[in-house]
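Enquirer: Here is how the chains run, residue by residue.
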Amino acid sequence: MRTGIQAMILCAVGSILGLAGNALTPRPAPLREPVHAAAEQPGAVCHDLSVEIPRISFTDAAPLCIACKASFVDARSAAEYAGGHVNGALHLAPGEDPALLLPQLRSPVIVYDGDAACAVADKVAGELRALGVADVRVLSGAWPGWLAAGGPGESGACAVCGAGR
Amino acid sequence: MKRVVLACRLFTGAVFLFAAVTKLPDLRAFAETIANFRILPAAVVGPIAAMVVGVELLTGLALTAGVFTRPAATLASGMLVLFVGFLVQALARGIDLRCGCFGGDELATWGTVVRDVALLVPALLVALQPRPAPQTVS
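As you go down the protein sequences, you meet chains A and B in turn.
Anchor point for the first sequence: position 144 equals 148 in my numbering, and the numbering is continuous, going up by one each time.
Anchor point for the second sequence: position 114 equals 1194 in my numbering, and the numbering is continuous, going up by one each time.
Any given hint could be a false lead.
List of simulated lysine to any residue pairs, SDA-like, C-alpha gap at most 25 Å [as the list claims (entries may be wrong)]:
#1 B:K1082 with A:G8
#2 A:K73 with A:G130
#3 B:K1082 with A:A163
#4 A:K73 with A:P98
#5 B:K1082 with A:G149
#6 B:K1082 with A:Q10
#7 A:K73 with A:Q10
#8 A:K73 with A:G149
#9 B:K1082 with B:V1201
#10 B:K1082 with B:G1146
#11 A:K73 with A:G145
#12 A:K73 with A:G154
#13 B:K1082 with A:R6
#14 A:K73 with A:G8
#15 A:K73 with A:G87
Taking CB as the label site, the calculated pair distances span [said to hold, decoys possible]:
#16 B:F1091 with A:G88: 53 to 63 Å
#17 B:P1121 with A:A121: 23 to 33 Å
#18 A:I13 with B:R1083: 27 to 37 Å
#19 A:S111 with B:L1086: 53 to 63 Å
#20 A:R6 with B:L1086: 14 to 24 Å
#21 A:E37 with B:R1173: 24 to 34 Å
#22 B:A1145 with A:A138: 48 to 58 Å
#23 A:R6 with B:A1087: 18 to 28 Å
#24 A:A16 with B:V1201: 25 to 35 Å
#25 B:T1189 with A:A121: 36 to 46 Å
#26 A:M12 with B:I1119: 17 to 27 Å
#27 A:G88 with B:V1201: 35 to 45 Å
Covered by chain B, per the in silico footprint, the following chain A stretches (three or more residues, Cβ under 8 Å) [to be verified]:
#28 5-14
#29 35-41
I should point out that these hints are in silico values taken from the structure, not numbers from a laboratory.
Just so we're clear, the structure is a prediction, and the values are computed from it rather than from any experiment.
The beta carbon of each residue, even a glycine, is placed where N, CA and C say it ideally should be.
Let the sequences and hints guide you as you build the complete structure.
Expert: So, in structure tokens, the structure goes:
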């Protein structure tokens, strides 16, 4: 009985300690705003955490682009792709049939999207990996990072990616 | 037996201290991990995250320092039972998430459940150790 009461007191003191010390930590837990599960966030994308797609930085990816030693895959919408994309990139949005694309891919395959979180690129990269493409990476910083760093780009629809693009 | 209890106390204390210290640099991420278990209302997730780490820290300190040993071990056992419950309900519902055990990106798996159950053994051993018999003065 006494042990139980002491455990509860310990729990209460620890809780107060945690709440009081929270603000002193580098990234405190938000105490006054709700914290939602990732799947409930706006724009959440189903993501298999067991499939870790390696990242590639702009510094490492740009020379491969210039030397044409890698395939770039743009996972954004067809309209965004047409508005501007990495030089020579192919277009493949999530869920689209990659059959036409597969024979054109050369290793490594670098996938990017329009958001720094890279959730869409991760999804497409996962799909390509599931189809047997071994060396798939996701571009850190995505398209905005590529543009900001002065990476080579071009615009226009993808003639070789499939009908209607 | 005394040595076994001592080893269990120090081990459990060290595990709880380590668990707290690895979470401290990014309590927001820990709160997000708790939210992903989808068992608590979003409004209380942040405070609960901070409280859990505070309790882990105090429990770890008490066990390693040897003060309030039995209550601290009881609390540690209770927390481990809660962690196991959280993990099992998430895994049973097919929720894919990080376990949040020691900061970092470790995935929650049935192996994590087994590990937490295994950690429960030394914690219970300390919590349930018999009280020393009162000394009588003749």
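Enquirer: Work down the list of hints and note, for each, if the structure agrees.
Expert: Do the hints match the structure? See the list:
1. B:K1082 with A:G8: holds, 22 Å
2. A:K73 with A:G130: holds, 21 Å
3. B:K1082 with A:A163: Status violated; Cα separation ~77 Å.
4. A:K73 with A:P98: Roughly 24 Å separates the two Cα atoms, so the pair holds.
5. B:K1082 with A:G149: Status violated; Cα separation ~60 Å.
6. B:K1082 with A:Q10: holds, 22 Å
7. A:K73 with A:Q10: Judged against 25 Å, a Cα distance of about 66 Å means the pair is violated.
8. A:K73 with A:G149: Holds: A:K73 and A:G149 sit about 20 Å apart, inside 25 Å.
9. B:K1082 with B:V1201: holds, 16 Å
10. B:K1082 with B:G1146: holds, 13 Å
11. A:K73 with A:G145: OK: A:K73 and A:G145 at ~20 Å, within 25 Å.
12. A:K73 with A:G154: holds, 19 Å
13. B:K1082 with A:R6: Status holds; Cα separation ~22 Å.
14. A:K73 with A:G8: The hint is violated at about 66 Å.
15. A:K73 with A:G87: Answer holds: A:K73 to A:G87 is near 24 Å, not above 25 Å.
16. B:F1091 with A:G88: 53 to 63 Å: holds, 57 Å
17. B:P1121 with A:A121: 23 to 33 Å: Roughly 25 Å apart at Cβ, these two residues keep to the hinted range, so it holds.
18. A:I13 with B:R1083: 27 to 37 Å: holds, 29 Å
19. A:S111 with B:L1086: 53 to 63 Å: Roughly 56 Å apart at Cβ, these two residues keep to the hinted range, so it holds.
20. A:R6 with B:L1086: 14 to 24 Å: holds, 22 Å
21. A:E37 with B:R1173: 24 to 34 Å: Roughly 25 Å apart at Cβ, these two residues keep to the hinted range, so it holds.
22. B:A1145 with A:A138: 48 to 58 Å: This hint holds: roughly 52 Å between Cβ atoms.
23. A:R6 with B:A1087: 18 to 28 Å: holds, 25 Å
24. A:A16 with B:V1201: 25 to 35 Å: holds, 27 Å
25. B:T1189 with A:A121: 36 to 46 Å: Taking Cβ atoms as reference, B:T1189 and A:A121 lie about 24 Å apart, which means the hint is violated.
26. A:M12 with B:I1119: 17 to 27 Å: holds, 22 Å
27. A:G88 with B:V1201: 35 to 45 Å: With Cβ atoms ~59 Å apart, the hint is violated.
28. 5-14: holds (count 6)
29. 35-41: holds (count 7)
Of the numbered hints stated above, those contradicted by the structure are hints 3, 5, 7, 14, 25, 27, listed in ascending order.
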